[in-house]
Every structure is written in C-alpha cells, then in structure tokens.
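Q: Spelled out, the chains give:
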Amino acid sequence: NKVKSGWEKPDFKHVPLGAVT
Amino acid sequence: MIETERLCFARGVVLREEDEASLLLVPEGAIFLNGTAAAIANLIDGKRTFAEIVEVLSEQFSEERERVAADAREFIERLRASGVLA
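If you're matching them up, the sequences are chains A and B in order.
Using our numbering, the first residue of the first sequence is number 1, and each one after it goes up by one.
Using our numbering, the first residue of the second sequence is number 1, and each one after it goes up by one.
Honestly, the hints are just simulated from the structure, not real lab data.
We put the beta carbon where it would ideally sit given N, CA and C, even for glycine.
The calculated EDC-like cross-link candidates involving lysine to aspartate or glutamate, where the alpha carbons are at most 20 Å apart (straight line), are:
hint, chain 1, residue 1, chain 2, residue 2
1, A, LYS9, B, GLU52
2, B, LYS47, B, GLU3
3, A, LYS13, B, GLU77
4, A, LYS9, B, GLU77
5, B, LYS47, B, GLU5
6, A, LYS9, B, GLU66
7, A, LYS9, B, GLU74
8, B, LYS47, B, GLU77
9, A, LYS13, B, GLU17
10, A, LYS13, B, GLU20
11, A, LYS9, B, GLU59
Sample of chain B residues lacking proximity to chain A, with all beta carbon distances greater than 12 Å (derived):
hint, residue
12, GLU5
13, ARG6
14, ALA10
15, ARG11
16, LYS47
17, THR49
18, ALA86
Where chain A lies over chain B, by a calculated footprint (3+ residues, C-beta under 8 Å):
hint, stretch
19, 35-46
20, 56-67
21, 75-84
Assemble the whole structure, with the sequences as input and the hints as a guide.
A: This is how it looks when you write it as structure tokens:
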C-alpha cells in the first residue's frame, strides 16, 4: 500500500532499560 | 558498499509494533522509531539490499529516490553505530 502522508526524516530515540519496562 | 549490502538486525534485536509506537527491543533497552524509521525497520529482513529497501520506500511514500536514499543511509549508519545491525 502507498502511504498518503509524505516522507519524513527517519528518526529514533534510544531509551536505556529502565522504568521501557 | 551500502547499496548492495543485505541488511539484518543483530542477534537479540526484536522489532515490535504496537498501536501507539514501533520500537526495537535491544538487550540494553528500547529504540522508539518514528513512522519512516519503522517502515525501514520492517524491510530489514536479511534478504533485501539497501537499494531494494530504498526502492520500496520511494514507491510506498511517493518520494524521490535520492531523498529517500540519503535519509535512509543516514538512519542506517546511526543504527549501525548503535550496534543494532549485524
């Protein structure tokens, strides 16, 4: 399926294991 | 050369998709992904090359291949630096 919303810069947030739980 | 590289996650990394978010579970925590990052992660299966992933994304998002490739390359390098890729 094509995505209607446009492309955005891929990003992520790294969260150390902790209260992720 | 990244274009012909078959990308796959490192051992112990699991992609998890929930209603509210997509995340990679890693031994030391979690990596929360935005929409396009999740789309890339879904295509990392150890079979597709970087170029093939870019092709799919470019079609899926109706976006110029050059822009998708540049953004995806930067994202992949950040993932690699985080130890998430094999």
